[in-house]
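Input sequences plus hints: build the corresponding full structure.
One line per chain: the protein sequences are A and B, in this order.
Using full-length UniProt numbering, count along the first sequence one by one with no gaps and you end on 369.
Using full-length UniProt numbering, count along the second sequence one by one with no gaps and you end on 369.
Calculated directly from the structure, the hints in this document are not laboratory data.
Remember, predicted model here, so these are calculated numbers, not experimental data.
Take these hints with a grain of salt, some might be off.
Said to hold, decoys possible - Once the Cα atoms are required to be at most 35 Å apart in a straight line, the calculated DSBU-like pairs of lysine-lysine come out as:
1) B:Lys39 x A:Lys39
2) A:Lys85 x A:Lys339
3) A:Lys320 x B:Lys187
4) B:Lys2 x B:Lys94
5) A:Lys320 x A:Lys365
6) B:Lys107 x A:Lys2
7) A:Lys2 x B:Lys361
8) B:Lys282 x B:Lys107
9) B:Lys339 x A:Lys61
10) A:Lys309 x B:Lys39
11) A:Lys282 x B:Lys107
12) A:Lys320 x B:Lys282
13) A:Lys282 x A:Lys187
14) B:Lys39 x A:Lys2
15) A:Lys39 x B:Lys21
Stated by the list, open to error - Footprint (simulated), chain A over chain B, 3 or more residues, beta carbon under 8 Å:
16) 282-293
17) 317-326
For each residue, glycine too, the CB sits at the ideal point set by N, CA and C.
Protein chains: 2
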Amino acid sequence: MKIGILGGGQLGRMLIQNGLKYDDQWFTLDPAEDAPCSKISDFTHGSFDDYETVFNFGKGKDVVSIEIEHVNVDALFELQECGIKVIPNPEIIKTIQQKILQKEFYKKHGIPSPEFQIIENKSEVSFPLPFVQKMNTGGYDGKGVQVIRDEKDLEKLWNVPSVLENLVDIDKELSVIVAKNENGETKTFPVTEMVADPKLNLLDFNICPAEISEDVQRQIEEISQQFIDAAASAGLFAIELFLDKNGKVWLNETAPRLHNSGHQTQEGNANSQFEQMYRVLKNLPLGDTENFGFSGMLNLVGEENHHGKAKYDGLEEVLKLPKTYVHLYGKTETKPGRKMGHINVLADSREELLEKLIEIKSMIKVVSQ
Amino acid sequence: MKIGILGGGQLGRMLIQNGLKYDDQWFTLDPAEDAPCSKISDFTHGSFDDYETVFNFGKGKDVVSIEIEHVNVDALFELQECGIKVIPNPEIIKTIQQKILQKEFYKKHGIPSPEFQIIENKSEVSFPLPFVQKMNTGGYDGKGVQVIRDEKDLEKLWNVPSVLENLVDIDKELSVIVAKNENGETKTFPVTEMVADPKLNLLDFNICPAEISEDVQRQIEEISQQFIDAAASAGLFAIELFLDKNGKVWLNETAPRLHNSGHQTQEGNANSQFEQMYRVLKNLPLGDTENFGFSGMLNLVGEENHHGKAKYDGLEEVLKLPKTYVHLYGKTETKPGRKMGHINVLADSREELLEKLIEIKSMIKVVSQ
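The structure is reproduced here in structure tokens:
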């Protein structure tokens, strides 16, 4: 089957890496000539944000999908009109692309997500402090999101269409990955707990399964089901959640694609998110998502003040550790905060897992040569 | 690092698939234009048996290795002279390439392998019946090997340089995969039991760990150690063994490369043979080889009377089974007996494993479209 992916980054690379277990032709489109997928797929150098480029890329494929949501959806709608299978549905990509549409979508479908105000510019702000401002478009990897804590912070407000959102008093950040194939079969991975790096606003550790009560688990299952029903699309979705200090779960955002919060499924679960996405693309029976004990992940991000050809200090020491799996993304250049790889770890208990993750984090650094 | 592999078949493909977890440039050389590695590596179309082709392919690489042993070793010696790292040592590849040298090597190093006679042509035969004739060169996947049972069979003798070998009264066929890096670190995978298809003379099932006594385990460890010491080379080696009905272990043959008998390590062990081979190539600390419960593999080979574009009847049903992992090799054309893929299975007991393997074998067939 001819599978075309918009975006040629690490998510596409790991999707193709897993997909090499089967017989397919993989095509990717990315604006970076040395994108992680460029050497392992039939690669088109071009912008996934450009109508003509996306349309021409998609023509003749059996299925077109995404590994990043900032793509030209008009071209995807057009491809769908031409009878080409697009997963997920362009409609849900469009909704998720724009924070304003996304929030309205949750509200319309009764999915609990933090209270909000929509503004076109900063003169319209009338929302109780503190709050979070999320730009309508352009947010990614923690960019385009800021916390406005007090009157003084109001000066920082971006003067662009945005969502202003109630600042949840967060106990835990959680994520759940749900897949649905065209036959309507749905499978959910165990809930993952995320521990963020406040400085880089990037995920730092994932811990799976999350330490949550039965009630919280139940709330999450309900939200996942609500989302999947509302999305009305085959696809693999990452649902990012907040658990507040009163034990209530809120939907923060969703991603209509493979997600960093599912990386530990590569070795931690009976099938990974990448295998599941492959099965969704081909409308195959979905894979078992069972976890093997405890699994965790830490991101390898470029150190501050390091620009240039990447080097992984401490890599050899890490490779000596049992049940520790290094995944690098084949990116030639490092820069501060750039996601260059990740490390998955298996353990028999949550305590052992946390100890191992903290130890490994102190052992390895992404620097320039 | 620039890694060059002679051969672009399924073993190379799975090596590269695993290697995509790291940052390297992969190069392959194969005479088949549509070889399984052709689309996922920097591919050279040419013969790995030709001196010039191999030498030119190897120049400028950081390390050159093999995924098939029938390569031009003179070119490998020359590359080594030029300072290019060749793994394994061309000397051991040369020894293993020729069944006569291989047998003499075992004898010289006191490694128990069946009694034998070397012949240049069939007029020289003076070996007690029944025996096995193995052609000196050209044997592969069961080709170039035949059993001579009685006087009448003597007519079938191939008139080529051969090894005649005592026919072992086999209780079990076993295999063990051993890796050694340039630092001298050695790691061994758990012993695997192989169940062969008498018709195709190809592996059929692997079962790991093998059901063997402590004494047999000890004999195998001794043979592995003897072989690794004698080979005096970094590399990953598959040591194929016979356990006879008196409880004695004999070395049948070795392969200086990745091997079909190690495929179930992909999901069955903490690290796979492919990860281990990668670590050998880069002289990294070797991975933990621990197995997770019981694992097994069955080969997917082309059905009799089917030639042409491959189709996998029953694949969808197999994908519904838990702890079952399909690996296809990206070969476009099927033909009778061609290895097209394999399926790995995990189980909690040997009985459960065997049941699952037998069930799956009856569910799936490689046919032409």
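Consistency of the hints with the structure:
no.: 1; hint: B:Lys39 x A:Lys39; in the structure: 9 Å, holds
no.: 2; hint: A:Lys85 x A:Lys339; in the structure: 30 Å, holds
no.: 3; hint: A:Lys320 x B:Lys187; in the structure: 12 Å, holds
no.: 4; hint: B:Lys2 x B:Lys94; in the structure: 24 Å, holds
no.: 5; hint: A:Lys320 x A:Lys365; in the structure: 16 Å, holds
no.: 6; hint: B:Lys107 x A:Lys2; in the structure: 53 Å, violated
no.: 7; hint: A:Lys2 x B:Lys361; in the structure: 28 Å, holds
no.: 8; hint: B:Lys282 x B:Lys107; in the structure: 32 Å, holds
no.: 9; hint: B:Lys339 x A:Lys61; in the structure: 28 Å, holds
no.: 10; hint: A:Lys309 x B:Lys39; in the structure: 26 Å, holds
no.: 11; hint: A:Lys282 x B:Lys107; in the structure: 54 Å, violated
no.: 12; hint: A:Lys320 x B:Lys282; in the structure: 14 Å, holds
no.: 13; hint: A:Lys282 x A:Lys187; in the structure: 15 Å, holds
no.: 14; hint: B:Lys39 x A:Lys2; in the structure: 13 Å, holds
no.: 15; hint: A:Lys39 x B:Lys21; in the structure: 14 Å, holds
no.: 16; hint: 282-293; in the structure: holds (count 6)
no.: 17; hint: 317-326; in the structure: holds (count 6)
In terms of the numbered hints stated before, the structure departs from hints 6, 11, listed from lowest to highest.
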